[in-house]
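Novice: Residue numbering for the sequence shown follows my numbering, beginning at 1 and increasing consecutively.
If you're looking for bench data, these hints aren't it; they were derived computationally from the structure.
What you are looking at is a predicted structure, and each value in this text was computed from that prediction instead of being measured.
Heads up, some of the hints might be wrong.
[Said to hold, decoys possible] Here are the computed lysine-lysine pairs in the PhoX-like style, where the Cα-Cα straight-line distance is at most 25 angstroms:
#1 Lys175 to Lys155
#2 Lys233 to Lys275
#3 Lys45 to Lys352
#4 Lys97 to Lys60
#5 Lys401 to Lys429
#6 Lys133 to Lys97
#7 Lys155 to Lys238
#8 Lys238 to Lys173
#9 Lys155 to Lys253
#10 Lys133 to Lys370
#11 Lys401 to Lys133
#12 Lys60 to Lys259
#13 Lys155 to Lys133
#14 Lys162 to Lys259
#15 Lys60 to Lys318
#16 Lys401 to Lys253
#17 Lys352 to Lys162
#18 Lys162 to Lys173
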Amino acid sequence: MKTTFAMAAALSLAAQAALADATPITWWHGMGGANEQVINQIAEKFNAAQQSCAITPVSKGTYEEALASGIAAFRSGEQPNVIQIFDAGAATIINAKGATIAAEDILTQNGHSFDRDAFIPGVRWFYADASGKFIGMPFNSSAPIMYVNDEALAKAGVTAPKTWAEFEEVAPKLKEAGYIPLTASQLTWMFFENFFSRNNVQMATNTNGYDSFDGTELRATAPEMIAFWARVKDWHDKGWLGFYGAGWSDNQKPFEEGKVAFWIGSSGSFGGLSKTATMPFSADFMPYDETVADGNKSSFIGGAALFAFSGKPEAENKCTADFFSFLTSTEIQAFYHQATGYVAITTAAYEKSKADGWYDQHPQAEVGIKQLMLPQGEWSKGYRLGFYPQIRVIEEREFNKLFSGETTVEDAFKAIETEGNELLARFAKTSG
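Sequences are here, hints too, so could you generate the full structure?
Specialist: What follows is the structure, given as structure tokens:
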């Protein structure tokens, strides 16, 4: 027993000595709870896998707080090596001239190979530039999917809809059976951004903002969007859509409690929902609009990517590159996917999870990946819009007013477009 203890102590001291000699790098992120614990596990795995580098993850609060902290730190010369930036904040960090080194560049400059085609289609473009070069390294990626209360469907004698017209057919039966037919969290992502993507409708000029910030305008009043939201408002008025507030959990909780038949949530919610749902549930693709000619395309990803800040010593940049390479390895991607519910961002990690039998045990966990692997339309690759977190605030304000009867669909989306375009014009001026 004493010998075993002595060996363990010696190994611990050796590990500490190795870490002391390693090049330290920092990783700021915007995650908490169980997701933060998994980030800590990834850092531990990286530190244990080699002796040259030691990464320290630091939570900066929310996504928005991490973005603000990162920008302030760069301006004062105290930036971390790696920062997690959420989908809506991507344009801000990419536009900050000289702030970052493209993920693809930092990898290849430090001896790592990089294959864009290794990533699943729905992930490949969102954090890339117009030529396809990866500026950010996709990390916790997700898709908006439809979770299904199996008990509700059995009681009403209906099946899950593939289109919104099919939803309108089953909604009255679900309501008659005592259920709220539908709720959705973060309508800005589900019913605004991903309406454009899922139905292959142009979201903004200048190729959804990828070509240039200058002159980019939001197409919030696109006829397809107005027609869809007229239906959404009708569903709400008929009691087919429950809207309980802008908070994510506001609309998830009634589904967890078994009161709702369908909840449009994130594929990344699967892990938590498996522990909190009070009834059996399955999952399917988010329905598409059958009235739009070229619908049923892949959705935009949600979640966040990792960016490498510039202004760091070469040794630290090499460690950042080593970490990015480690992070996208098949083993780590499969681990992260299975531990959190976020999608496997590489085809190899997806295939490994299939071989592991993960989807045989958890078929819901495969839905988001399959949706992201649907054919991509011209307008379903992503968007690059400045001040987009602020535009989301405008959208939320107008959605609240719409459901409370304070505005009409036409006026709500006119306000989103007008105020959104004012913000886009302001952002374009900052981009020089």
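Novice: Checking each numbered hint in turn, tell me which of them this model violates, lowest number first.
Specialist: Failing hints, ascending: 2, 5, 11, 12, 13 and 17.
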